[in-house]
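Same order as they appear, the protein sequences are chains G and Z.
For the first sequence, counting from 1, position 350 maps to 350 in the numbering used here; every step adds exactly one.
Numbers in the numbering used here are just positions in the second sequence, counted from 1, shifted up by 1000.
Heads up, a few of these hints could be off.
Dumping the calculated DMTMM-like pairs for lysine to aspartate or glutamate here, alpha-carbon to alpha-carbon at most 20 Å [said to hold, decoys possible]: (1) G:61 / Z:1116; (2) G:113 / G:85; (3) G:61 / Z:1179; (4) G:113 / Z:1176; (5) G:61 / G:36; (6) G:113 / G:46; (7) G:61 / Z:1172; (8) Z:1044 / Z:1026; (9) G:113 / Z:1158; (10) G:61 / G:46; (11) G:112 / Z:1162; (12) G:113 / G:146; (13) G:112 / G:92; (14) G:112 / Z:1306; (15) G:113 / Z:1161; (16) G:113 / Z:1121; (17) G:113 / G:92; (18) G:112 / Z:1166; (19) G:112 / G:85; (20) G:112 / Z:1026; (21) G:112 / Z:1121; (22) G:61 / Z:1176; (23) G:113 / G:152; (24) Z:1044 / G:217; (25) G:274 / G:264; (26) G:112 / G:217; (27) G:61 / G:89; (28) G:61 / G:109; (29) G:112 / G:157; (30) Z:1044 / G:109; (31) G:61 / G:92; (32) G:61 / Z:1183; (33) G:113 / Z:1026; (34) G:113 / G:135; (35) G:113 / Z:1183; (36) G:113 / G:89; (37) G:61 / Z:1171; (38) G:113 / Z:1162.
Since the hints were made in silico from the structure, they are not lab data.
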Amino acid sequence: VLVDETASAYHHRMSIGFEVAAEVAVARPRRAVIDEAWRRIGPGVEVLSGGDGGPLRRTVKRILDPLVLRLRANPQYSAPILPIDMANEVHDVIVGHRDQLRATAQWFETLKKGRRRLRITTGNAQELYFPVCYELAVTRGAPAADAEAVADTALRDVHSDRDRTAGAVLDRYIAAPDTLSALARQLDRSWRDVRPGTTITGAFLSGLTTILAESGDHRARAARQRVWSALVADDTSFNLGARARQNPAEVPWSFVDIGLTSLEPQHCPDLIGKSVGDRPLDRAVVDRVRATLRRALDRDELPDIPLLCAEEVDRACAPWGLIAEDMQATLIAGVEVAVELSPLDETHSARYPLAAQIQARLRKEAYVLHARRCLAAGTPIHPRQQQVVDDLRVFRRPYLSRLWARLHGRDVWQESCADVEDVRALLDGVARSASLDQRQRIKAMLANADGPQMTGQAMSVAR
Amino acid sequence: MVLEVSGAVMSWTIDDQGAPRIDFTDPSRADWLWRVVGESGHVKVATATDTPPGPSQTIDLDGIDVAVDAVAVLRRLALGHWLRAWWPASVLDGIEPLDTALLDAEIAVLTATAQDFFGDDTLDSDVAELVSPHAATLSYHVRSGDPRVIELVRRCVELIDEIGVDHSVYEEDWFDLSELITDAAALDTPVAARQGDYALAAGNGAVGPTGAIATGVGSIAWGGVPAGIFDAAEATLEWSVRADADGGVVVATTVMPGADPSGIAVFVDAGSFTGSATLGPDGRTTVDLGDVNGVRVTDSGAWAHDWSGTSVTVGVPVDETPAIRDRVRSFARSRLTEPGPDAFLAEILAAEADY
């Protein structure tokens, strides 16, 4: 690892030199299209641009993608490689917004000055202010005489901790007389209402083989979508989740081993207070609501707190702590992937192709830790790291904690997991962020012996 | 040396100026690829990796050329991260340590320059985490009045201004540094120059003065211990079997000034006797040996034992040859003797201190 000439993790080799693109393009890399369109805007957007004149990465992520190209509404603009006609559209949309983008740049200058004036050093200015600046540009045009006052208001707004505001509303609600007793009655009733049926699970699990196969061609994808729709409609995922409370032996995995609960059988969660363990399905109902509020920061309106609490009681009682069938089925697919992941094990081979693909990436990522002298031969290089390295060995647990948190968010906001390719991307993306989190902890354990304690914090941040 | 960019890991051989190997972890996230291989190259790679037949396939990408200039800054970043981990600082060999704060500051500034290559999701993206703890040390360096240091720190302050500090405990330090760097007068009153010399912390030679049954020396494999703790020279650990230590083996390592080796494992293999222990804060420990049945070696057993094949491992056992370490030392020496265009300021200052 010291001098890595024979790094086994490397497969793609490339040669040296320059290439002159002579052929007529039929497709173009998305980011190259955006870069070119950006340069076409000309002067006036320097603060949103990098040293080479292209847009900053955050300009793309926080302004162009969500607000100018509006990828949610126009998913066709989001492919990494764009067909040429789509590339031209993207180009035109960006250039067509040149006035708003110039005004955005001016607002960013104004907000940055305000940031200095108010001595704010928290948060990434680009990340936080770019969307605000674009909004100001659209609603007010370029900064006018009142710019300074407008900027200060906008800054106070951004930094005023909306989660605290929402948290306060929640605190007031649960402090009101009768709130907790009513919720407790509901919790008791809902928990008893959930009973497993008698379906056999074999068909469902063998269906997952199709879901977790190679990505395949168009026909394979269509077939996979049909299987997924059938699995979602199947009541097996409900029954498996319900059995974990009564007959855990009838569930193919141990909830404790996969880290969803700290006790078996799964207990009814508390309404409030310190829960028995720190696993996702141990958490008290009110804490789950609090997590929802924290994640709701990017949303325009605050959810209705009483409604959210009542819903969360039912959700906490639902099998897997999730209401929608597609969420439950996705979590099971995630469990099947998770038990195959072992980032530190070189010889490990996974049963499902999708899991094997994720495992291969985890291995490469773990290799970087070796190359950086953060790990030695798959073990801690410093005794301080023991705990985090142990966590990495049971990767299924942080992986499933994070997957559960994502599904919980989708369940709350009624976003769907009906599209199988989206589900596969989710299973993959969760592995990426869980791995990054674990690796950053391993690195941090080495770097700052006397620095701030990051461990607990990293554990609780389940994006 | 490696660099983790969005969707890929790039790697270079440390003392070779060639093009990187690019290993994709997720080609669809490698939205920077056209900057390196051109637009048509990017499209080709995307097509080839669109439907992967298996997790470890090698794709022959003949006809795609890497633009070395485009990756020069990435190579330099990979080098910076490598220096943090592997720079063979040694009192015994006379290889100056690199200043961590200045090195991290320069890596942070470089990472910001190359931000097109980093999403929020790579191990090497987080510059706030990298540089936040260093404000106090950087203030100290700024007072030295070295214009190169001031320029670097100024850029770093601007960067932090934009990205925010990683943790609120560092906020005050950054306010102070920010004010210091904008206050030209304060910079005109240099304090004492950078400390160029330091004393050996734990000595060798203190191991077995009298009554040693057997003694020996050994080397520490760098890959098995954390960076910055032990002197990176060869033969820096001494062991001795002492009659007055109940057959225990006293192990002493050479620790870098200010470093804390506590808790690092030591394993002694003396053929039929083995034992393990952990180092104390002074880099020393006594290892009790026993046979396969766990029976402790006796005084007479120790006298009778043939200690000639004894080996001592500090840290995790890893496969690393002295030749590799030598190659890295000569690489480091050549960088100190003649800092190249890719030299980091921390290296240049180390070279000057050396002189």
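Structure-based check of each hint:
With a CA separation close to 11 Å, the supplied pair residue 61 (chain G) and residue 1116 (chain Z) stays within the 20 Å bound. Between residue 113 (chain G) and residue 85 (chain G) the alpha-carbon distance is near 41 Å, which puts this suggested pair outside the 20 Å criterion. A distance of roughly 32 Å separates the Cα atoms of residue 61 (chain G) and residue 1179 (chain Z); the hinted pair therefore is violated under the 20 Å criterion. This hinted pair checks out: residue 113 (chain G) and residue 1176 (chain Z) have alpha carbons roughly 18 Å apart, not beyond 20 Å.
Simply put, residue 61 (chain G) and residue 36 (chain G) have alpha-carbon atoms about 16 Å apart, close enough for the 20 Å limit, and the pair holds. Between the alpha carbons of residue 113 (chain G) and residue 46 (chain G) the distance comes to roughly 16 Å, so the proposed pair stays at or under 20 Å and holds. A C-alpha spacing of about 30 Å is found between residue 61 (chain G) and residue 1172 (chain Z), which places the hinted pair above 20 Å, so the restraint is violated. Pair hint residue 1044 (chain Z) plus residue 1026 (chain Z) holds up; C-alpha atoms about 15 Å apart against a cutoff of 20 Å.
In summary, the hint linking residue 113 (chain G) to residue 1158 (chain Z) is supported, as the alpha carbons are separated by about 13 Å, within the 20 Å threshold. Under the criterion of a C-alpha separation no larger than 20 Å, the hint pairing residue 61 (chain G) with residue 46 (chain G) is consistent with the structure, at around 17 Å. Distance hint between residue 112 (chain G) and residue 1162 (chain Z) is fulfilled; the C-alpha atoms sit about 8 Å from each other, no more than 20 Å. Under the criterion of a C-alpha separation no larger than 20 Å, the hint pairing residue 113 (chain G) with residue 146 (chain G) is consistent with the structure, at around 14 Å.
The suggested pairing of residue 112 (chain G) with residue 92 (chain G) is violated, with an alpha-carbon distance near 29 Å, which exceeds 20 Å. Among the hinted pairs, residue 112 (chain G) with residue 1306 (chain Z) is inconsistent with the structure: their alpha-carbon atoms are about 72 Å apart, more than 20 Å. In summary, the hint linking residue 113 (chain G) to residue 1161 (chain Z) is supported, as the alpha carbons are separated by about 11 Å, within the 20 Å threshold. Between residue 113 (chain G) and residue 1121 (chain Z) the alpha-carbon distance is near 29 Å, which puts this suggested pair outside the 20 Å criterion.
For the proposed pair residue 113 (chain G) and residue 92 (chain G), the alpha carbon gap of about 32 Å is over 20 Å, so the pair is violated. The hinted pair formed by residue 112 (chain G) and residue 1166 (chain Z) meets the criterion: a straight-line CA distance of about 18 Å does not exceed 20 Å. For the hint linking residue 112 (chain G) to residue 85 (chain G), the alpha-carbon distance of about 38 Å lies beyond 20 Å, and the restraint is violated. About 35 Å separates the Cα atoms of residue 112 (chain G) and residue 1026 (chain Z), which puts this hinted pair outside 20 Å; it is violated.
For the hint pairing residue 112 (chain G) with residue 1121 (chain Z), the CA-to-CA distance comes to about 25 Å; that exceeds 20 Å, so the pair is violated. For the hint linking residue 61 (chain G) to residue 1176 (chain Z), the alpha-carbon distance of about 32 Å lies beyond 20 Å, and the restraint is violated. With a C-alpha separation of about 10 Å, the suggested pairing of residue 113 (chain G) with residue 152 (chain G) holds against the 20 Å cut-off. About 18 Å separates the Cα atoms of residue 1044 (chain Z) and residue 217 (chain G), which keeps this hinted pair within 20 Å; it holds.
Distance hint between residue 274 (chain G) and residue 264 (chain G) is fulfilled; the C-alpha atoms sit about 18 Å from each other, no more than 20 Å. For the proposed pair residue 112 (chain G) and residue 217 (chain G), the alpha carbon gap of about 49 Å is over 20 Å, so the pair is violated. Simply put, residue 61 (chain G) and residue 89 (chain G) have alpha-carbon atoms about 18 Å apart, close enough for the 20 Å limit, and the pair holds. The hinted pair formed by residue 61 (chain G) and residue 109 (chain G) meets the criterion: a straight-line CA distance of about 19 Å does not exceed 20 Å.
For the hint linking residue 112 (chain G) to residue 157 (chain G), the alpha-carbon distance of about 15 Å falls within 20 Å, and the restraint holds. Distance hint between residue 1044 (chain Z) and residue 109 (chain G) is unfulfilled; the C-alpha atoms sit about 40 Å from each other, more than 20 Å. Annotation: proposed proximity of residue 61 (chain G) to residue 92 (chain G) holds, straight-line Cα distance about 18 Å (limit 20 Å). Using a Cα cut-off of 20 Å, the hinted pair residue 61 (chain G) and residue 1183 (chain Z) is violated, with the two alpha carbons roughly 36 Å apart.
The straight-line distance between the Cα atoms of residue 113 (chain G) and residue 1026 (chain Z) is roughly 39 Å, outside the 20 Å bound, and the hint therefore fails. About 18 Å separates the Cα atoms of residue 113 (chain G) and residue 135 (chain G), which keeps this hinted pair within 20 Å; it holds. At roughly 19 Å between alpha-carbon atoms, residue 113 (chain G) and residue 1183 (chain Z) fall within 20 Å of each other, so this suggested pair holds. A distance of roughly 35 Å separates the Cα atoms of residue 113 (chain G) and residue 89 (chain G); the hinted pair therefore is violated under the 20 Å criterion.
Pair hint residue 61 (chain G) plus residue 1171 (chain Z) does not hold up; C-alpha atoms about 27 Å apart against a cutoff of 20 Å. Taking the CA atoms of residue 113 (chain G) and residue 1162 (chain Z), the gap is about 11 Å. The hint holds against a cut of 20 Å.
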